[in-house]
Amino acid sequence: MANSITIENLNAGYGAVRVLNGVSMRIGSGETVALLGTNGNGKSTIIKCIMGAVTPTAGRVTIEIDGHQYDPSAMKTKDIVNLGVVLVPEGRRLFPKLTVEENLLLGAYRRTARRTITRSLEYCYATFPRLRERRRQLSGSMSGGEQQMLALARGLMTAPKILIVDEPSVGLAPIMVREVIRKIGELKKEQQLTVLMAEQNFNQATKICERGYFIVHGQIAFVGNSHEELSNNELVRKIYLGAPVKN
Amino acid sequence: MRRIPSWIWPVLVALFILALSRVVKNEYYMFAGYVVLQYIVLASAWNILGGYSGYVNFGSAAFFGIGAYGAVVLDKLWQPPLVVAIVFGGIVASLVGLVTAYLTLRLRGVFFAIATLALAIVLQTLVMNWDFVGGPLGYYSVRPDSIAGFPSYVNYLFVIMLGLALIAVLVARAIELSFIGRGLAAIRDNELAAECCGVPTLRLKVFATMVSGGLMGMAGAPFPYYITYLDPNSAFSLAYGINSIAMPLIGGMTHWIGPVIGAVLLAVIQQVATVTISSELNLMIVGVLLISFITLAPNGIVGLFERYRQKRQRRLST
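Chain order of the listed sequences is A and B.
With this note's numbering, the residue at position 78 of the first sequence is 78, and numbering never jumps.
With this note's numbering, the residue at position 63 of the second sequence is 63, and numbering never jumps.
Since the hints were derived computationally from the structure, they do not count as laboratory data.
Please read all numbers here as calculations on a predicted model, not as lab measurements.
Even for Gly, the Cβ is constructed at its ideal location relative to N, Cα and C.
Keep in mind that the hints are not guaranteed to be accurate.
What the hints assert, rightly or not - Covered, in the sense of this in silico footprint (three residues per stretch, anywhere, with C-beta under 8 Å from a C-beta of chain A), are these stretches of chain B:
hint	segment
1	181-189
2	192-199
As the list claims (entries may be wrong) - Calculated from the model, a selection of chain A residues having no Cβ within reach of chain B, i.e. all distances over 10 Å:
hint	residue
3	Gly30
4	Glu31
5	Glu64
6	Thr116
7	Ala126
8	Gln200
Take these sequences, add in the hints, and give me the full structure.
What follows is the structure, given as C-alpha cells:
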C-alpha cells in the first residue's frame, strides 16, 4: 500500500512567467512533508501540478497509489480526486450558508465517494467531535479554526489516500494554528495518510513533519529532516525567520 | 427521524381537496381554486431553479405561454385529450428550457434575469405574428360541456390542476432532498467552491431549468380551456413572471413548502381582492407584500418559523 508523490526536475509556469525551476521532491508513503516558503515562491504551483491543474513544461510528477503509478499532467483533476488525492484549498472555500453536515456531504459529491458517504460522515464526526455538535449550524457562523477543521473534514469525505493542505493556518489565531496542525498530525498517525502541507507557519508545521522543503524563487533552497535542522539553517533563518532569532 | 415519510402530507392534502371538490356545489370555488393551484405549480417550478440554485428567472410567462399555445396548436390540429396537451406543453417548454439554459446560464445575477425576461417578450412577439394560432386576435377554444365522471368541465380542470400541483410539489421536494438539491444549494452559496467539490454545475443548472420550465409548460396547457379565449397578452402576461417570483420569496425559498404557502397566501388574497375590490389591485398587493417581506422577513414565512424554532431550542437547551 504505497501512496506517494515523486517530483523530478519540475519546471512550470503561467504563459511567459516561469515559476518553478527544476524542483525535485519526494513525499513518501505515510510521510508528512511540509512545503515552506513565503508568498509568491511557487508553493501553490507545485500543488496545482500535482492536481493536474497546471501542466509542467519540463520534468514530471508521479503519483503512486496502491502500487500503481499515474502521471497527473495527463489526467483531469476530477480523475485525480477519484484516485484518492484530495486538496484542501487555501481560504477553505466552504459554503457559509449551508450547515456543517451539508458541507461535509458536498465533500463526497463525486460518484465514487458517494458510495461510502455514511461511513465517511461517521468517520469525520469521530475525528472532529466538535463538528458533530455543530452539524446543524451554518458553517459561516463558526470560528475560523472550526471552519478550517470543517474544510479538512470535508476533504476526508472522499476517503483520500493522499491529503494535500494548502496554507491551513491562514487567518487563524495562534492557538487555533497549533490546534489545526496538531489535528493534521493526528490524521497522519491514525490513518496512515500521506500528507503534503504548504505552510507559512514555520514553527508549527515543522514539528509534525518528517521533512521540510524550503522553496525560494521556484527552487528548492534547502531540505531539512527535522525541526532543528530547518530552524538552524542559515538561509532559512535569514529569509524566513528574520535575522535575529533566539539562539 | 420521523416514522411517517413527509411526502405523505401533500398527497393527503390533495386527496382531501379532491374529496372536497366533489361536495362543493358552487362552481366559483372551482374557478378560483384553479388559479390558486396553477400558482402552486408555477411557484414550485420557479423555485426549483430560482430558489434552490439562486438563478432568478423572470420569464415564467414564457414557459407558461408555451404550454398554453402548445395546447392551442394541438387543439387546432386534432383536438387530443387534455392530458396529451399537458404532456406536449411540458416537453416543448422543457426543450425551450434546455436551449435557454445553454444560451444564458453562463450569465450571472441580474444578467440572467434580463435574458429570461427577454425570452418572454420575444416569444410573445412571435406568437403575436403567428396567424395559425390566431395572432393578435387570439384563439377561442371550444371545450366539451362535461367529461364523464366529473360534475362539470370546470371541476374536471380543477382536478387536473390539482394533480399537476401535487406532481410539482413532489418533484420539487424530491429534488430538494436528493443530491441534485444539495448540488444546487452549493451553487447558490458559492458556485466556484461547488465546482471545486466536483458538483457538475452546468449540468445541474440545465437540468433544473428543464424541470422548472417543463412544469410551467404543463401548468399552461389547460389554460386555453380554462379561459376559453386565449390571446398573447394573457398567455405571456408579466403577472406570471412576477407572481411566481413573489410567491416563493414570501413563502420561503429553501424548503419545498415555501412556494406552496406563498402561492396559497398570495393567490387567495388576489382572488378575494378581484371579487371584492378590483383585479387592478392585484399587482399592487404583490408589490406591497414583496417589499414588506424583503425588509422584515428575507427568508420568507418558512424562515420566520425556523428562526422561532431555533430560538425556542436555544432556550430549552440553556
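The hints, checked one at a time:
1. Only when three residues or more bring their CB closer than 8 Å to a CB of chain A does the claim for the segment 181-189 of chain B stand; here the count is 6, and the claim holds.
2. With 7 residues bearing a CB less than 8 Å from a CB of chain A, the segment 192-199 of chain B meets the requirement of three and the coverage assertion stands.
3. In this structure glycine 30 (chain A) is separated from chain B by more than 10 Å, as the shortest Cβ-Cβ distance comes to about 26 Å.
4. At roughly 26 Å from the closest C-beta of chain B, the C-beta of glutamate 31 (chain A) stays outside 10 Å, upholding its exclusion from the interface.
5. At the 10 Å boundary, the C-beta of glutamate 64 (chain A) stays outside the reach of chain B, the nearest C-beta of that chain being 23 Å off.
6. The Cβ of threonine 116 (chain A) sits about 14 Å from the closest Cβ of chain B, beyond the 10 Å cut-off, so the non-interface label holds.
7. Every beta carbon of chain B lies more than 10 Å from that of alanine 126 (chain A), the smallest distance being close to 21 Å; the non-interface claim holds.
8. Listed as a non-interface residue, glutamine 200 (chain A) keeps its Cβ farther than 10 Å from every Cβ of chain B; the least gap is roughly 22 Å.
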